[in-house]
Every structure is written in structure tokens, then in C-alpha cells.
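Visitor: Dock chain B against chain A, hints included.
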Amino acid sequence: MIATLSGVEKRYGSVKALDGIELEIPEGSVFGLIGPNGAGKTTSMLVISTLLARDAGKVEVVGIDPQRDPRGVRRLLGYMPDFFGFYENLTASEYLAFFAAASGVKPAARAAVVTDLLSLVDLAHKSGADVNSLSRGMKQRLSLARALVHDPQLLVLDEPASGLDPRARVQLRELIAELSRLGKTVIISSHILSELEGICSHLAVIDEGKVKAVGPLDEIRKTLTSSRRVTARVPDDKVDEVMDLLGSDPTVHEVEIEKGRVRFVLSGDDTDSARLLSRVVVAGHEVFEWRVDAAGLEELFLQITAEEAGAA
Amino acid sequence: MNPVLSREILERFRGRRAALLIFLWTLGIGLVGYVVYLVGQQVASGFFGMGRLITTGFVGRFLFQGMVLLMVTAVVMVVPGVTALTIVGERERQTLGLLQVTQLTPFQLVIGKLSSSLSYFLLLVVAVAPIIALPLLFGGMSLGDVFAGLGMMLLTATMVGSVSLAISARAKSSRGAVAGSYAFSFVIAFFSIAMILAELLVFRGSTNELIPPRGREIYSSWINPYIATVDAVAAPLALRSDGQFTPFTPAELLLYARQGVNQGFGGVAFDVVGFGRGVPMEGGGIIGPVQEIRARRGPVWIRTVVLYVVISGLALLRAARTVTAPALAPIRTKRVKNATA
Numbered sequence: 001m002i003a004t005l006s007g008v009e010k011r012y013g014s015v016k017a018l019d020g021i022e023l024e025i026p027e028g029s030v031f032g033l034i035g036p037n038g039a040g041k042t043t044s045m046l047v048i049s050t051l052l053a054r055d056a057g058k059v060e061v062v063g064i065d066p067q068r069d070p071r072g073v074r075r076l077l078g079y080m081p082d083f084f085g086f087y088e089n090l091t092a093s094e095y096l097a098f099f100a101a102a103s104g105v106k107p108a109a110r111a112a113v114v115t116d117l118l119s120l121v122d123l124a125h126k127s128g129a130d131v132n133s134l135s136r137g138m139k140q141r142l143s144l145a146r147a148l149v150h151d152p153q154l155l156v157l158d159e160p161a162s163g164l165d166p167r168a169r170v171q172l173r174e175l176i177a178e179l180s181r182l183g184k185t186v187i188i189s190s191h192i193l194s195e196l197e198g199i200c201s202h203l204a205v206i207d208e209g210k211v212k213a214v215g216p217l218d219e220i221r222k223t224l225t226s227s228r229r230v231t232a233r234v235p236d237d238k239v240d241e242v243m244d245l246l247g248s249d250p251t252v253h254e255v256e257i258e259k260g261r262v263r264f265v266l267s268g269d270d271t272d273s274a275r276l277l278s279r280v281v282v283a284g285h286e287v288f289e290w291r292v293d294a295a296g297l298e299e300l301f302l303q304i305t306a307e308e309a310g311a312a
Numbered sequence: 001m002n003p004v005l006s007r008e009i010l011e012r013f014r015g016r017r018a019a020l021l022i023f024l025w026t027l028g029i030g031l032v033g034y035v036v037y038l039v040g041q042q043v044a045s046g047f048f049g050m051g052r053l054i055t056t057g058f059v060g061r062f063l064f065q066g067m068v069l070l071m072v073t074a075v076v077m078v079v080p081g082v083t084a085l086t087i088v089g090e091r092e093r094q095t096l097g098l099l100q101v102t103q104l105t106p107f108q109l110v111i112g113k114l115s116s117s118l119s120y121f122l123l124l125v126v127a128v129a130p131i132i133a134l135p136l137l138f139g140g141m142s143l144g145d146v147f148a149g150l151g152m153m154l155l156t157a158t159m160v161g162s163v164s165l166a167i168s169a170r171a172k173s174s175r176g177a178v179a180g181s182y183a184f185s186f187v188i189a190f191f192s193i194a195m196i197l198a199e200l201l202v203f204r205g206s207t208n209e210l211i212p213p214r215g216r217e218i219y220s221s222w223i224n225p226y227i228a229t230v231d232a233v234a235a236p237l238a239l240r241s242d243g244q245f246t247p248f249t250p251a252e253l254l255l256y257a258r259q260g261v262n263q264g265f266g267g268v269a270f271d272v273v274g275f276g277r278g279v280p281m282e283g284g285g286i287i288g289p290v291q292e293i294r295a296r297r298g299p300v301w302i303r304t305v306v307l308y309v310v311i312s313g314l315a316l317l318r319a320a321r322t323v324t325a326p327a328l329a330p331i332r333t334k335r336v337k338n339a340t341a
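So the sequences go chain by chain: A and B. All residue numbers in the first sequence are consecutive under this note's numbering, ending with 312. All residue numbers in the second sequence are consecutive under this note's numbering, ending with 341.
I should point out that these hints are in silico values taken from the structure, not numbers from a laboratory. Yeah, the Cβ is synthetic: ideal placement off N, Cα and C, and Gly gets one too. This list has only true hints and no planted wrong ones.
DSBU-like, lysine-lysine: derived pairs with alpha carbons at most 35 Å apart:
1. A:58 / B:172
2. A:16 / B:172
3. A:210 / A:139
4. A:16 / A:139
5. A:210 / B:172
6. A:139 / B:172
Computed from the model, here is a short list of chain A residues facing chain B with C-beta under 8 Å:
7. 51
8. 52
9. 71
10. 75
11. 81
12. 87
13. 88
14. 89
15. 90
16. 101
17. 103
So here's chain A without its partners, still in its complex pose (with noise of 0.2 Å):
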């Protein structure tokens, strides 16, 4: 693991912004953190990262208590809040080569550390251009290239993508996967989830200050999808006939005609699937498109939350 939080409190006031987290982040991940806001995602980044002390509980980063060492934590660590800081009156190259020398770069190599960071975040052409003339899109490019300027094998970015137009937030979505491939272990939060579809391996959903779920992505699905939704297309004079079918199946709910096509809900798994699809074709109906659609992270986030609020 490369990062483990456990038991950790935070208050601001009476307010308790973390209760009891606990997360267990395995190095090369990409470990997405979502809830609502003011959930407890940028006061965990900030204690990860650092910058603010814990009330409670243990905090390890690569091995280091942040709280104890968090020069030696900084080393291997980039972050990215979720706003930006700059300078009036520097270039991005500028820009870039005073954090890599306030990280520690040696003076010999920051003129390279810098080239490779504008070419990485596809700056290279705005190396000279006042960092205040740059898009949105562009300084959020930038700001990702400064917290990469000393290599960290971690990356923290707190809302990377919020503000930002579809065209930067794909973008920044195949950076953030051009950087896994690289090997770094990123933790990124949003509370627009589907800005996190296809980019986390492993997920936390945090709510009022707690963790609901946490997990590989594909096992939070597994263990939370007890019901998936199928949409079969049939010849249009079948359509009755394979609704009344599928009806009578004890797995199929909510059968609908929409658009042509059967959609319903089956309270099963692949097997289930491929049964009944299997019964529909024996059944002498030819089937042109039999689509099982996963549940998507806002679907899981809201069953998540769902089901703490009924058990609640």
C-alpha cells in the first residue's frame, strides 16, 4: 500500500469533517474519491498531502507519518488542489522552473525537467506565454505538469477536472491514464462522478465524513449490483410476444417496450443472462442486440448511499 489512512478524525469547530476514515490505497492504483461535497474528500487529500494535521487516528504515506515528516512525504508526493495558484507576470516554463526548484531539482537538470513537463501536458507550444493568458483548460494542464515537476510516485488531485469543458476534461482524462501507464499511483476525487468512469481502478465513496465503500471498482460493482438492466431488440412484430416471455420469468421486473426495443430489470447475474437470452432464442425469436448495462458510478453511489440512509 502506499497510502493507508486509519481511524482518522478531523473537526473544524463542532464540525466533524473526518470520522473515523479508513482507506487502503495499493501503489499504482488509480483510486477515485467520491461523495457529495463536503464530504471529507479535500480534508483527506489535505492530510495525505501534508497540509493539515489530524485531530486522531494513523496516517502513513510511502511509510511516513505526514505528521512526523512531511518534508520526507513531499518528496514523493505531488499535489493539485482543486483551484488554481499563480503568478502574475511568469511564462508557464517560468512557472514550472521555480516549483521544480522549490521542490529540490538540481538547477543542472530543471531546464529538461520542465521541456518534458510542457511536451507531457501538450504545453510545449505556450512555453513562453504569460500564465495568466492560458485557458482554463491549459492552466489546469500546467497546474497537473507543476505538481509532477519533482517525479512523485504519488499524485494527489483534488477535483482535477471541475470547471473545465468536455474537450479539457478528455484531455485531462487521458493525462491522468498517460501517468498510471507511467506507474504513478493517483488518487483523485470528484463529486461529478462520471468524470471518474474509466479513469479509477479502486474507488472510496466517502459521506459525511465516512467511508460507505471502498474497493477495486469492478468488485464495488459486483458485490453492490444485485439488479442490472437489459435491453433486447427484437423484430418489431415479436416485441409482445418476447415481452410476455420474459414476463413470466421470476428474475425479469419493470419489462417495458421503449423505442422498439424490451428493456427490463434482471435480478440476477451473467448466467441469468445468458439463460434467458438463451430462452428467447429457443423459443424461435431472432435477436439482433442483447445489451446488459453495468451499474455506473453515480447508480452505485446512489445505492451506496441509499442503503446507508435506510439502514440509518
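Guide: Coordinates of chain B only, in the frame set by chain A:
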């Protein structure tokens, strides 16, 4: 080189604004210097029977003293302005956290900020150095006087800058930081003069009696940069022999009063002092046509130097502690009473 310092230099001196400010500053100092020169000439021309050489020396000293006081005033007026925004500015543009997660130590961050402010001020001093050096052509002061003046000015700038930095680190807004820094600066430069007068009035009373040999020190005189600079530059007990009004005269009178000597403007009417039996005074020399005096108290400037060094050190430590992340002191939490309990 400290990365914060090199970045700030790059930022500060880029663009036309910096060049324009330096031009206006140089112009302003030049004009004030010229006015001081004219006043000095006027005062010198009032001397009766004084030779040309002595008059020139007097004008030189007059101009030098005027420039020294002007530079101390510049410290008081400029340093808080260039320092107060340094850390609160980082917080407002949301870059402080970014600096805190680098390898910079809090002390490096604070020293970088202070040295960048002081280097800016030094550049302003260097820009007007030819004007400040003009009095040397006239004579009337030594290179030692020049270095003493520069030294006190730099120390004052360091102290004011350090305190402004500590205020900036704690301030919630740039307005608060600027107001706090200028308030401190004005207190030590101007309000302390009122405190010195009040102390003198309280401890000397209206009877104009001399302070007894074991009398109380005028402590507020230690904090004032003008008094310390005049004390360091002029060795006033030695220099007042000509008895003429110069820019240093008001401060010299306060220094006399601190020693227990009562001397009015014009400098010819000494009180009877009778300190000892003509033991050489600190700073050397004999003052007055008939009386010998020696200093009862040591020089103010040494006390001021010690005080300023201590204040600077404490302020820098405070500023460094404030920008340390995670916060060194545990955050206090309020216990919330359970409503049902």
C-alpha cells in the same frame, strides 16, 4: 539562491511599472535633496564671521543629515508597503499551499520573502546613492558617518520588514496586513516620539530639573529609529559644539534630555551640568565653551540595535511558525454538548 527570492525579483522587476516607480522615486529624492541643500545654504549664510570652508562643511553636514533622515523615513514608509502583502498575497492567490508542499522549509520561505522586500528597498537606495553621496563632496562628515547611517537604516528596514512579514503571515486579508504593518511602523517612528516626550515630562517634571545620576532611563527612546540613527551617526554630545540648527537637532535635543542635559534651540545656553571632573565622555570630545560633560548613559543606538535584532528574530520565528504546515500546534476543538445528555 533562495527560489522565492529569485521568483519575486523576476516578478517585481518585470514590466514598465517597476522602472517608472524607480524613476519617480529617484526624482522625488532628488527634489527633496535639493530643497534640503537650499535650506542648509540659507542657515549657513546666517552665520556671522564664518569662513567659506567651514560654511561648505556645514552645508555638507546639513545635507547629509537631511538625506539620512529622509532615508529612515523611506524605510518607515516603503518597507511595510512592500512586505505586508508578501505572505497574505500568497494566501489570497492560493499559492501558499503549493509552496508548503514543496521542499522549502518555512524559514526559507520567510527569509525569501524578507530578502526580496529588502532587496527591492536596497535597489531604491542604490538608485539614489549618487544623490545621497553628494554631501561627501562638501565635506563635514566622515565615511564612518555614512556607514553608521546605512547600517542603522538597514537594521531598521530588517526589523520593520520582519514584523510586517509576521503580520502578513497572520493577516486574514491584504488590507489588514497593510494596516497592521503601517500601524506598527508609525508607532515606532512617530508615536514613540510622543512617548519619549511623555516619559521626559513625567520623570523630569515641569521644574526642568536634571535627571539624577541614578534616574530612570527613557526607555521609549530605544525603539525610535530616528533617535538611534542620529545617535549612531552624529555622536551628538560631540557634534553640538557649533550650536546651529541642523536636521538632527530635534533628535539631539531628546538625546541631551535623556542624558539629563537641558539645552534649548540655538545650543548656547547649557545648563550647569557638572558631571564628574571632566572625565572624557563617550563618543569623545568636550562640549560647550565652558562646561565639560560626560554621558551618564550609554549610547541609545547600541540598545536599539540589540532590541531590533531581538524583535526581528522573534518576528521571523513567528512568521515561520505561522506558515508551517501542518500547523505545529494542535487545532483546538470545542466540545459539543449532546442535546439529549
